[in-house]
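Given next are the chains, with one letter for each unit.
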Amino acid sequence: RKEVEQDPGPFNVPEGATVAFNCTYSNSASQSFFWYRQDCRKEPKLLMSVYSSGNEDGRFTAQLNRASQYISLLIRDSKLSDSATYLCVVKGGLDSWGKFQFGAGTQVVVTP
Amino acid sequence: DTAVSQTPKYLVTQMGNDKSIKCEQNLGHDTMYWYKQDSKKFLKIMFSYNNKELIINETVPNRFSPKSPDKAHLNLHINSLELGDSAVYFCATDPKSGVAGARYNEQFFGPGTRLTVL
Chain S
1 RKEVEQDPGP FNVPEGATVA FNCTYSNSAS QSFFWYRQDC RKEPKLLMSV
51 YSSGNEDGRF TAQLNRASQY ISLLIRDSKL SDSATYLCVV KGGLDSWGKF
101 QFGAGTQVVV TP
Chain P
113 DTAVSQTPKY LVTQMGNDKS IKCEQNLGHD TMYWYKQDSK KFLKIMFSYN
163 NKELIINETV PNRFSPKSPD KAHLNLHINS LELGDSAVYF CATDPKSGVA
213 GARYNEQFFG PGTRLTVL
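So the sequence lines, in the order shown, correspond to chains S and P. At position 6 of the first sequence (counting the first as 1) the number is 6 in the numbering used here, and the numbers step up by one without a gap. At position 33 of the second sequence (counting the first as 1) the number is 145 in the numbering used here, and the numbers step up by one without a gap.
These are calculated hints, taken from the structure and not from any lab test. Misleading hints may appear alongside valid ones.
Dumping the calculated DSS-like pairs for lysine-lysine here, alpha-carbon to alpha-carbon at most 27 Å [what the hints assert, rightly or not]:
1. P/156 with P/179
2. P/164 with S/99
3. P/148 with S/45
4. P/152 with P/131
5. P/153 with S/79
6. P/134 with P/164
7. S/42 with P/156
8. P/164 with S/45
Hey, can you work out the whole structure from these sequences and the hints?
In structure tokens, the structure reads:
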């Protein structure tokens, strides 16, 4: 079983619509959670960290459910520029040199 | 001024050759990483260095040898290249992985080196 699992998509979203997707992780000792964005043939870039109480950054909302071991990302009012692959990242464990574990990504395609 | 740079950007080579990829960061970060992203887009950690010391060494063939001459550089040398080594290799850094308060450290990635082995 992969440590971080994501629905690969693609999620085809009309411009202006809302899209949401989840990511599950297997290590219950994980401490830190992130969403990264990766455009085609580019490097991953941090979109947002995910805090225990959930957090919002503009049109993006992230939630963490520790009991069920998943995090979610919701994008409101989708823009064409939101088309990308969204990588779920889970860090940490009992040791302090927690590795970043990446999911394989969820592809989002926003259409006009 | 690029924060994390990698050279070369593209590398096409024959099976059996030996090649190196270089990474440099000007962020003053202590921790540097090498990741491999294969054709299925899965980004997998290979190595991590903190202050020139190897701290993470995943199950990577010993044909891959990282080297950190100083805190700002982490190079990756690959011997006897195989077809399965074809991938995009990303270098990344973060301020300091192993200290309290580092939970939400962001990782900064280089632009990647696309390696094709023929």
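Hint check:
1. P/156 with P/179: 19 Å, holds
2. P/164 with S/99: 17 Å, holds
3. P/148 with S/45: Holds, at roughly 16 Å.
4. P/152 with P/131: Satisfied, since the Cα-Cα distance of roughly 23 Å is no more than 27 Å.
5. P/153 with S/79: 24 Å, holds
6. P/134 with P/164: 14 Å, holds
7. S/42 with P/156: OK: residue 42 of chain S and residue 156 of chain P at ~16 Å, within 27 Å.
8. P/164 with S/45: OK: residue 164 of chain P and residue 45 of chain S at ~24 Å, within 27 Å.
Comparing the model with each earlier hint shows no violations; every hint is respected.
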